[in-house]
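S.K.: Sequence:
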Amino acid sequence: MKLIDVWIENFGKISRQHFDFTENCNFHYGENGSGKSTLAAFLKVMFFGFEGERKQMAEQNERRKYMPWQGGAYGGQITFAYAEKRYQIIRIFGTSASKDIFELRDADTNLFSQDFTENIGQEIFGLDRESFVRTVFIAQSKSLVIGSTGSIDAKLGYLAENTEDMGGYEQAISRLTKKLSEWNGRTASTSLQWQKNRITELETEIRQVRAIEEKETKLLADKLQLKAEYQALKQKQIEFSRQREEKLAQIAAEKAKKLAVSFSEEDSRRRDVLSYRFLAGVPEKNEIQEAISLNAQIIKWQKEAEELRLTEEETVRFKQYQKAFSAGVPEEAEIDNVIRIWQNKEEKKQELMNWQTSLEIRKAELEKTQVVKQKKLLFMGLLIMLGVIASFFWRVEAAILVGLVGSAWLALRIWRKDEQKVLLEGKIKELSGLICEEQNKIAGWETDIQNFFADFQMPYKIKDMPMLCYDWKRYVSDYWQLNSKKEIAERSDLTIKLNNALAQQEVFFRTYKIGQQSLPEDAAVVLLALAAEVEEYQNLCQRAEQSQQAEKEWQKFIEGIFPEEKGRRTTVPENDWLLQIEKLQTQMAEQVEKLHIQLMDCDRQLNSLQNQREQLQEIENQLTELQAEYLHHSYQAELLKKTVGFLEQAKISFTEKYRSPLLRGFQKYYQQLTGQMATEFMLNAEMHLTKEEAGQQREISILSTGYQDLVGLCMRMALIDAMYPQEKPFLIFDDPFVHFDQAKTEKAIEFLKAISQEYQVIYFTCHQSRKG
Numbered sequence: 001m002k003l004i005d006v007w008i009e010n011f012g013k014i015s016r017q018h019f020d021f022t023e024n025c026n027f028h029y030g031e032n033g034s035g036k037s038t039l040a041a042f043l044k045v046m047f048f049g050f051e052g053e054r055k056q057m058a059e060q061n062e063r064r065k066y067m068p069w070q071g072g073a074y075g076g077q078i079t080f081a082y083a084e085k086r087y088q089i090i091r092i093f094g095t096s097a098s099k100d101i102f103e104l105r106d107a108d109t110n111l112f113s114q115d116f117t118e119n120i121g122q123e124i125f126g127l128d129r130e131s132f133v134r135t136v137f138i139a140q141s142k143s144l145v146i147g148s149t150g151s152i153d154a155k156l157g158y159l160a161e162n163t164e165d166m167g168g169y170e171q172a173i174s175r176l177t178k179k180l181s182e183w184n185g186r187t188a189s190t191s192l193q194w195q196k197n198r199i200t201e202l203e204t205e206i207r208q209v210r211a212i213e214e215k216e217t218k219l220l221a222d223k224l225q226l227k228a229e230y231q232a233l234k235q236k237q238i239e240f241s242r243q244r245e246e247k248l249a250q251i252a253a254e255k256a257k258k259l260a261v262s263f264s265e266e267d268s269r270r271r272d273v274l275s276y277r278f279l280a281g282v283p284e285k286n287e288i289q290e291a292i293s294l295n296a297q298i299i300k301w302q303k304e305a306e307e308l309r310l311t312e313e314e315t316v317r318f319k320q321y322q323k324a325f326s327a328g329v330p331e332e333a334e335i336d337n338v339i340r341i342w343q344n345k346e347e348k349k350q351e352l353m354n355w356q357t358s359l360e361i362r363k364a365e366l367e368k369t370q371v372v373k374q375k376k377l378l379f380m381g382l383l384i385m386l387g388v389i390a391s392f393f394w395r396v397e398a399a400i401l402v403g404l405v406g407s408a409w410l411a412l413r414i415w416r417k418d419e420q421k422v423l424l425e426g427k428i429k430e431l432s433g434l435i436c437e438e439q440n441k442i443a444g445w446e447t448d449i450q451n452f453f454a455d456f457q458m459p460y461k462i463k464d465m466p467m468l469c470y471d472w473k474r475y476v477s478d479y480w481q482l483n484s485k486k487e488i489a490e491r492s493d494l495t496i497k498l499n500n501a502l503a504q505q506e507v508f509f510r511t512y513k514i515g516q517q518s519l520p521e522d523a524a525v526v527l528l529a530l531a532a533e534v535e536e537y538q539n540l541c542q543r544a545e546q547s548q549q550a551e552k553e554w555q556k557f558i559e560g561i562f563p564e565e566k567g568r569r570t571t572v573p574e575n576d577w578l579l580q581i582e583k584l585q586t587q588m589a590e591q592v593e594k595l596h597i598q599l600m601d602c603d604r605q606l607n608s609l610q611n612q613r614e615q616l617q618e619i620e621n622q623l624t625e626l627q628a629e630y631l632h633h634s635y636q637a638e639l640l641k642k643t644v645g646f647l648e649q650a651k652i653s654f655t656e657k658y659r660s661p662l663l664r665g666f667q668k669y670y671q672q673l674t675g676q677m678a679t680e681f682m683l684n685a686e687m688h689l690t691k692e693e694a695g696q697q698r699e700i701s702i703l704s705t706g707y708q709d710l711v712g713l714c715m716r717m718a719l720i721d722a723m724y725p726q727e728k729p730f731l732i733f734d735d736p737f738v739h740f741d742q743a744k745t746e747k748a749i750e751f752l753k754a755i756s757q758e759y760q761v762i763y764f765t766c767h768q769s770r771k772g
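What the sequence shown shows, in the numbering used here, is residues 1 to 772, in sequence order.
Be careful, since some hints might not be right.
Under the rule of at most 30 Å between Cα atoms (straight-line distance), these lysine-lysine pairs were calculated in the DSS-like manner [what the hints assert, rightly or not]:
(1) K319 to K303
(2) K744 to K668
(3) K2 to K65
(4) K668 to K753
(5) K583 to K556
(6) K36 to K13
Derived from the structure by calculation, the hints contain no laboratory data.
Bear in mind that the values here come from a model prediction, so they are computed numbers and not experimental data.
Make a model of the complete structure from these sequences and hints.
M.R.: So this is what it looks like as structure tokens:
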């Protein structure tokens, strides 16, 4: 098979280019990025279609990767010779395989040919795309990939007319291995290990359930014993309750009498508190009533005095003024004087600004006068020069006369300007002196104002003047008005009477240990409470006497019921007895509750055992089914293992017949490339190549990259020789010598030329040293 020519309409970066091929060696040299690999990919795609159609990334999806950069029709055509006929393949690629256009024509007649379909590559070469890449398509750093495929095995076995046999082997091995993996797993319910573990679990459950009857019998016996103990305790509880009620009935009757006049510890503490308050004596009712009347008078006088006193808001203002005027209160005349000074200062500042403006104007006029004088002197010089020049053209006398007249006029003008300058300078000096004098005066006024505010410790802000002075003047006036109102209120007769009444009330409160109240209304409440406390204290004293008498009678009753207590000074011996009874009852209640919980636990366990016994039949059925399934799957797994072993052995036997020819072909090409024998290389039935080094077979992958490429190239050529004994395919070399040294590169070029006598070679390279 030979390629004749190629036309690329658009493919990747290549657009509308034609390539011719000779029958032997075709060298294509170009720099990186010139499209060599794109052309090689085009040849592969035209025969086998695109690779990685379902990939998302462009570098893995060839259809997207080689989409025309410049747009336009995507595809091209190839003319080739095969089996003494010439064909032309035309492919136009769409966005997906369903939109592609494929045509095959007889290149001699231009008629459509039905010799091959769009799977033309597989039909001609007898290989699928992967096998094609592993053989006749030799790219950079990929010549070492020489693993076997179903198509390669079939081709090597001269079974190209029925390659499905070996393809079916790969599929069968894959499916059998996958099924074995499922059965040998540990998690899925179909795995043998899971089934075995589940069988063990079910057998354990069955043994546990069969032990139910013995456990159930023991639980029933325990339940009967617990129930008997429970009933006995309940009966004992009833007896204790009856005895307790009888005793309590007797005690309650007498205790009711005692409680009628009881005097508790709280009553005693309350009496002690009140007795401390009344150490000075218990106030009489009329004495308390007089204190209440006095408080009512105080309330009345306070309301009347409230009108004379400062209001709350006025009090706040007055305190603020006292704080503000801590350094003294300025007189209004002093503040007026500061206002007047400020106004004079501001007026002077305005007048000073006018003087400064006038001074600037005078200075400008003086500067202008000096400039005019300079211009006139220059003009005088020009007139004299013109007079000299005119003497050359007119009469000397006339020229001199003109010059003298002009000079005289200019001199007069200059003299007048000098006089004006003197007057301006005098005026400027006078204004400067006045400005300096006024500035000093303004600074003095400013200092006086600041000193005034500092003397009275008042805040001074120049931006708030003069309103700040008016505010302070208002503050001073308000302060004196409030101060006057305060003094009048303090000196009034009403205030004197009110103060005397408050002093009298304070003596009363201190006598009976009552805290002074801030408000008269609170004092009224306290006085009413005092009257209630007097009555309460008198009642407590009376009840204490009655309680002492009742206690004597109660002691006699207790000695009658509890003779053992006779002669002892105990007040409530029944409490100890009640505590003992209650403690015993509590212990009994705890025992009853404990027995009740144990009975409930027994019932729960019995119910659980009953449920487990009911589940026994279901578990036994599951176990029987699972054991049968496990035996069946184990038998099938063993069959699958033997089947895989037989298939692998069959493949080895099948491939063994071409192992020796492949090894001889490899040795031939190795000697051709290196000049050395290849006796140290070994090839197994799976086409796996190794090299014997230091008494041990070594993997080719541990050799240098260049040496790996060399060995892989030799193996590729040996494969191709064995696969194509009749019709030789074209060979594509996409710069596979990139890792060769100089000597091996030269040998490789000679190697290409040698094999081109038998094969059509298409060789791409990007380096001059490998150009050939």
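S.K.: Give a verdict on every hint.
M.R.: Evaluated hints:
no. : hint         : result
1   : K319 to K303 : holds (23 Å)
2   : K744 to K668 : holds (16 Å)
3   : K2 to K65    : holds (27 Å)
4   : K668 to K753 : holds (16 Å)
5   : K583 to K556 : holds (28 Å)
6   : K36 to K13   : holds (10 Å)
In summary, this structure violates none of the numbered hints.
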